[in-house]
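Asks: Each chain, written out:
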Amino acid sequence: MSKLEALTSAQAEVVRQMTVCNACRYCEGLCAVFPAMELRRAFDGGDADYLANLCHNCGACYYDCQYAPPHEFAINVPVAMAALRDETYARNVWPAAFAGAFARHGLWVTFAAALSVAVFVAGFVAANDPGALFAPVGGEGGFYRMMPHWAMAGLFGAAFVYAIAAIGIGVRRFWRGTDAQAVGWAEIWQACRDAASLKYLDGGGMGCMNAGERPETDRRRLFHHATFYGFALCFAATGLATVFHEFGAQAPYPLWHPVVVLGALGGVGLVVGPLGLLAERAKRDAAIATHTGMGAAFLWMLCLSGLSGMLLLALRDTAAMGLLLALHLGLVFALFLSFPYGKFVHGFYRFAALARYAHERRTRKVEAVD
Amino acid sequence: MPGPGEDPSVLVAGGGNAALCAAISAARGGARVTVLERAPKFYRGGNTRHTRNMRVAHTAGNGILTGPYPVAEFLDDLMRVTKGVTDELLARMTLERSAELWDFLWAQGVRFQPSLGGTLSLGRTNAFFLGGGRSMLNALYRTAEDLGVVIHYDTQLVDIVLDGDRFVSGTAESGGVRREIQADALVVASGGFEANIDWLTQAWGPAAQNFLIRGTPYNRGEALRLLLDKGIAAVGEPNQCHAVAIDGRAPKFDGGIVTRLDCVPFGVVLNAGGQRFYDEGEDFWPKRYAIWGRLVAAQPGQIGHVIIDEKAIRLFMPSVFPPVVAESIPELAAKIGLDPATTTETIAAFNAACVPGSFDHTVHDDCRTEGLTPSKSHWARPIDTPPFYAYSLRPGITFTYLGVKVDETARMIRADGRRCANLFAAGEIMAGNILGQGYLAGIGMTIGGVFGRIAGEGAAHVQA
Ligand SMILES: Cc1cc2nc3c(=O)[nH]c(=O)nc-3n(C[C@H](O)[C@H](O)[C@H](O)COP(=O)(O)OP(=O)(O)OC[C@H]3O[C@@H](n4cnc5c(N)ncnc54)[C@H](O)[C@@H]3O)c2cc1C
Ligand code: SF4
Ligand code: SF4
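Protein chains in written order, with the working numbering: chain S, 1 to 370; chain L, 1 to 464.
Straight-line Cα separation of at most 25 Å, SDA-like style, residue types lysine to any residue; simulated pairs:
| no. | chain 1 | residue 1 | chain 2 | residue 2 |
| --- | --- | --- | --- | --- |
| 1 | S | 199 | S | 350 |
| 2 | L | 41 | S | 20 |
| 3 | L | 252 | S | 16 |
| 4 | L | 252 | S | 13 |
| 5 | L | 335 | L | 274 |
| 6 | S | 199 | L | 106 |
| 7 | L | 335 | S | 41 |
| 8 | L | 41 | S | 213 |
| 9 | S | 283 | L | 41 |
| 10 | L | 41 | S | 214 |
If you only want the chain S side, here are some residues facing chain L, beta carbon under 8 Å, derived:
| no. | residue |
| --- | --- |
| 11 | 24 |
| 12 | 29 |
| 13 | 38 |
| 14 | 63 |
| 15 | 65 |
| 16 | 70 |
| 17 | 71 |
| 18 | 72 |
| 19 | 213 |
| 20 | 214 |
Simulated from the structure, these hints should not be mistaken for laboratory data. Backbone N, C-alpha and C define an ideal beta-carbon position, used for all residues, glycine too.
Based on the provided sequences and hints, a complete structural model is requested.
Replies: This is how it looks when you write it as structure tokens:
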């Protein structure tokens, strides 16, 4: 977006609030947003988009602010940032026709998931005889009797590549819109560390605030770690399974197998993490709650994918295997397809913002004088 | 409103730093404590809500404080700003005990951060609260609640009963309902009277109607009035207040820190008649902003207009309200309601009087005027590069100096010289004992912290 273009109302609100914050700066030590803000005297739409995505929504600055509502300055940074974040996802989405998917994400995802599961069930039935869906087909290669490996790998590989490509295009649009410059490897590495540790989700050390002004120490961070690393482990398990498959070892694997161990650990994370985050959301103080349903839908999808995977592991030698496999694959397929159009993208936008922040810190100086 | 049968052993009036330090210390000392806070919950904590730091003595830097600040240096600084108008014994004790405040506050959950962007000069001497004063207050309130301190919002101390030098009971009022509360001791930590325009008008005349109040609208000084009327000795000048020049568009109350304007040294300041009236470049702004409140208060309509040009716009902290901008001086003058011809003349005269020098805003440079009255002694550069910018200035009141006299145990002293047995004061209401005039950034919170603790501990241990 060019600097001259008019601001959206969400951008205008962030610009308004950041102008007050920049004259105040009391929250400087809370997170990356305020030091990044101080590098500027005035804010355009791109700056607002960038700062919004740098905010981790820890809530601290709302409770710390002497200008929060009912004060006439009505400063509520977490809420303004969250609204603009959602808008940046929609504004930069590819293809643009899907922009509405963010706002109606819950509905969209439920529909996609149901459809996807139904298609897998139907596919299994069509490809095999109807009875096969309920017959115990344990032992090596059992899963692939329901659906050939090439088909599974091809379908999911394609869905994943599509998701990553679509997200990549969106994030690239976002990156260009914020006038960001090329960043170096050291800065990418810094962003990796900050993102992997959720460095800025702790209110500057006092703790993240969620249900009220009492800091919650680390609960949201821990649940987020469980979710993220659970997802990463499941992903690693799938990748490893593909490698083993190439070398002739076919799923289902025995319980001690690295693929199963990684998948089981990841599955636990994917169930516990999202449930924990959903519980935290339920407790969130109405003053800083910005729930559009997008985050909840994403969390439920992750949780159900994890849960169906765990069930599949537990019941893979029973008659339920066929149906569970269809359920699990259906959910994961819908999850992949929903990636570019829901909360999943926040990680990429946040990462881009963190990389830019690392870059700015090295190359820009605070203009204001002492 | 405290219910019947809820009589505490220590009653605290006020809800800011001093009151909460007192309440926490009294509770830790074993007292049952009730706090009466006049403000609603969001506005709790008076002007403490707007603070950012506290000046503390320390023998070594600690990673956040950048170096040592010995008591002796602190005392020198205090003597310099007050020109000796202080109770030296009380002052020395306050500064010595300020060294305990970092650890005390940390133990109550308060956290600190390095000095903020734009305030580096305070990084060695002042402990900045992580998240600012409201975060600091929130931590104190959480701790007080955890210690069983009962807090009543929207509840004001409106009367007290004294029996000679003893406090007997206080009257609380909330929503038009009054109730008398017995307690073994009372700590009054209700701040000054800076939000009481009528009282300010008595001291300053009608000009006070145009003052802006930088902090809470709830510090109206009723408790101070009450104490003085009941025979407690006063300290500090009744007609003195800390008045700084702030953005004229600030709200009447509670605009806080963001309404400051740091651009005066880089431009000229004109009054409503389009004339300069004081040396804008006398010293660095942090050393001068407090006299500019008075200077502007003395001008017609209590208003001033800073005019700068493009060369200066990036030299100071960003302002909360955007400046008025114009491509020429007459156009700018018209926009801000000054006479274009006079303004143009004033600027031309100023520009002609600037002698060439090498501009450096970080030192007292040699850019000054010659043959101009009033002169500008530093940072004087012709205002000739468009666009031109204007900000309006009005006096913003930070706090008042009049207070009650106390001794080193924070007990109030009566006008007849006798010391009260169980009546304590802490914070701004007694700051005048130490800060008779002038100001040292961060010392308001120091005095509140030190005397709050002393008052709370003392109040918990009075003999009923
Ligand atoms: C914008 C601004 C910034 C400042 N920044 C700093 C800074 O960084 N560092 C610093 O040291 N100082 C600063 N000060 C000064 C500082 O705010 C005061 O010195 C300090 O807050 C005094 O603390 P206190 O507890 O005595 O009073 P306050 O914090 O003002 O608290 C007074 C309390 O008493 C309550 N009250 C009033 N009347 C009654 C009544 N009748 N009954 C019951 N309750 C009552 C009020 O509601 C309030 O809660 C600043 C002031 C302002 C305005
Ligand atoms: S959120 Fe409030 S306290 Fe924090 S920097 Fe902004 S205006 Fe200041
Ligand atoms: S990360 Fe936390 S402190 Fe920082 S802007 Fe967001 S909500 Fe405020």
